[in-house]
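S.K.: Spelled out, the chains give:
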Amino acid sequence: MSDSQADVRTADVPVPPVGPVRAGGGATTAPSPAGRPRSRGGADWRKRAEIGVLAGPAIVMFVTFVILPVIMAAYYGFFRWKGFGVPTDFVGLDNYKIILQDSAFIEAVQHNAFIVVMSLVLQGPAAIAFALLLNQKIRGRSVIRVLIFVPYVVSEVIVGTGWSLMLQTTGAVNDLLEKAGLGSFATEWLSDPSVAIWSLMIIITWKYIGFAVILMLAGLQSIPEELYEAAAIDGASYWQIQRRITLPLLGPTIRIWAFLSIIGALQLFDLVYIIWGQYIASTAGTSTMATYMVLEGRNAGNYGYGNAVAVVLFFISLVIALVYQRFVLRRDTAGALTGGKTK
Amino acid sequence: MTTVTSAPPLPGSRPAQVIRKDRSLRWGSPVTYLVATVLVAICVGPVIYIILGGFRTNSQITTDPSGFPGPWQLGNYGSVLSSPLFWQQVGNSTISALSTTVAVVVLGVMASFVIARYDFRGSAGLYSLFAAGLMFPMTVAITPLYILVKGLGLTNSLLGVILPQIAFALPTTIIIMVPFLRAIPKEIEEAASIDGASRLGFFFRMVVPLSLPGVITTGILAFIGAWNGYMLPLFILNNESQYTLPLGVQAFASQYSVDTARVLAFTSLSMIPALVFFSAFERRIVGGLTGAVKG
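Which chain is which? The protein sequence lines are A and B, in order.
Position 317, counted from 1, in the first sequence is what this note's numbering calls 317; the numbers after and before it change by one each time, with no gaps.
Position 12, counted from 1, in the second sequence is what this note's numbering calls 12; the numbers after and before it change by one each time, with no gaps.
One should not assume that every hint holds.
In silico DSSO-like pairs for lysine-lysine, Cα to Cα no more than 30 Å straight-line [what the hints assert, rightly or not]:
1. A:47 with B:186
2. A:97 with A:82
3. A:207 with A:137
4. B:150 with A:82
5. B:150 with A:97
6. A:207 with A:179
Hints are computed from structural coordinates only; laboratory data are not their basis.
Quick caveat, the model's predicted, so the values are computed rather than measured.
Please build the complete structure, drawing on both the sequences and the hints.
M.R.: Shown next as structure tokens:
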């Protein structure tokens, strides 16, 4: 159908750009009386040119600054290299051996795993509950939505600076606890290794739950109103409706949110680096794979090693992403993450 | 605080009864409001703390860390606002965020148009390529990216921050835009082509205006992402006059670590643009995400 349309269109419009380039093909240099195949070829060429012009710049940018660095990391990871000139000191898999045996890295992996799990456990149920609450037609709903999104919009640096001031030993949090008569709960929020990672979890939850809520709200809004009306007519209670209609239909949204949350938690860098700085993170028990990478790579000037850590981080994320897509998202990505199956 | 803002202006006292009755219908249960208020307080509290802290003196903060300003001090904000370095960094952040946003929207819409509306082999593959980018935020690529940017001679230049930012914002943009562009009915395209519009004409005359909601959503997300970006500027920019605001905040916080009040003032001022941008367009963002979540 679209082909015949293309024919009509290009027959109307003179097709100057077609001639010279097709001439390179050699077949139809002379103005052919049999116009049909020629104009079809022209439409095809024209379409390809349009695709190239429209999509080309984005592809070039994406490949240069996203794909290429990952390939570069794989290459540099095999060298001991200080970042100057061409890497020559090929060390094979040595960097990877060191990484996987370094107890600092193993600890960082454990912290990441903890953050992944706790982010899901803390944010998921709370976000669903808040979204259900805010999906009701209550007054001031739009204002509430803006306000709970504030932490997500504020930059990591500001969040980190603000919270580290509040969580100081002589900071606002301990002071408030004191005033509320809960002075015994006051503690070293940032430096006590048994507490620090929980402080980090509080900050992460605070920062990112708004995003989860907004996502859930968007998911809730795509559930057809008729289903609720039908259920109400059938005499279903509020909780029955939530359990039997809302939660199942919210499933795709929840699974995509969980995916984004897991990937984000694996790559966590900014907050830890800002609050705990370069050197304290590991002693406070909050180091992550990414802070380890920056610390041992760029800050130490060992670029080969840093790239190898990046590869390990990439590989761990990739495996988790693929497993998650294979077993969890398969049913409902609607092509969003596995490719355009729905097309 | 949640209820005040959207209350309709009350007319004279006479129809008050009717209004109250109507109102009581729309008010939900008090529990809902209580929970909502607590939630909002938790979300906004720390931000308010930062803003109010800027209005206090250091001795006020030391003696009563969680108190209110009393008396209010304008000096901290004044000294930040009169510092040329602050404005320099505001300028850098603005240049970086605006050029990233414009480029991401233009490149993203063009590529999404191809993926959504052209039938060709590899269109699904192209979509997967960009979607895969969603899995890998900048963290993974930052070390080699730094080497790449250094190789291009763009360290210590805003361009070295902007170009990678554009590339890394493309996946989100394309994922959000493609469903938008697919949703434009085929009939419109057919009608346009009968009227003699080429596919590119269709793109400029119909697609661009029709996809405006998606464009705004992705534009805002790109702007906020670029405005708040930390890791990339941290690697690329070494010179304080080139810093964007997040780096500026951090440098300021470590340089004046004893002057807590001024740090808080600097911090509050640097978050205003992202907050304003976001609250102006919040509704659009939820709308745009709704399309994307539905697939």
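S.K.: Now tell me if each hint is right for this structure.
M.R.: Here is how each hint holds up against the structure:
1. A:47 with B:186: holds, 17 Å
2. A:97 with A:82: Distance of about 19 Å is within 30 Å: holds.
3. A:207 with A:137: At roughly 26 Å apart (the allowed maximum being 30 Å), residue 137 of chain A and residue 207 of chain A satisfy the hint.
4. B:150 with A:82: Holds, because 14 Å separates the two Cα atoms, which is no more than 30 Å.
5. B:150 with A:97: holds, 28 Å
6. A:207 with A:179: holds, 25 Å
Checked against the numbered hints above, the structure breaks none of them.
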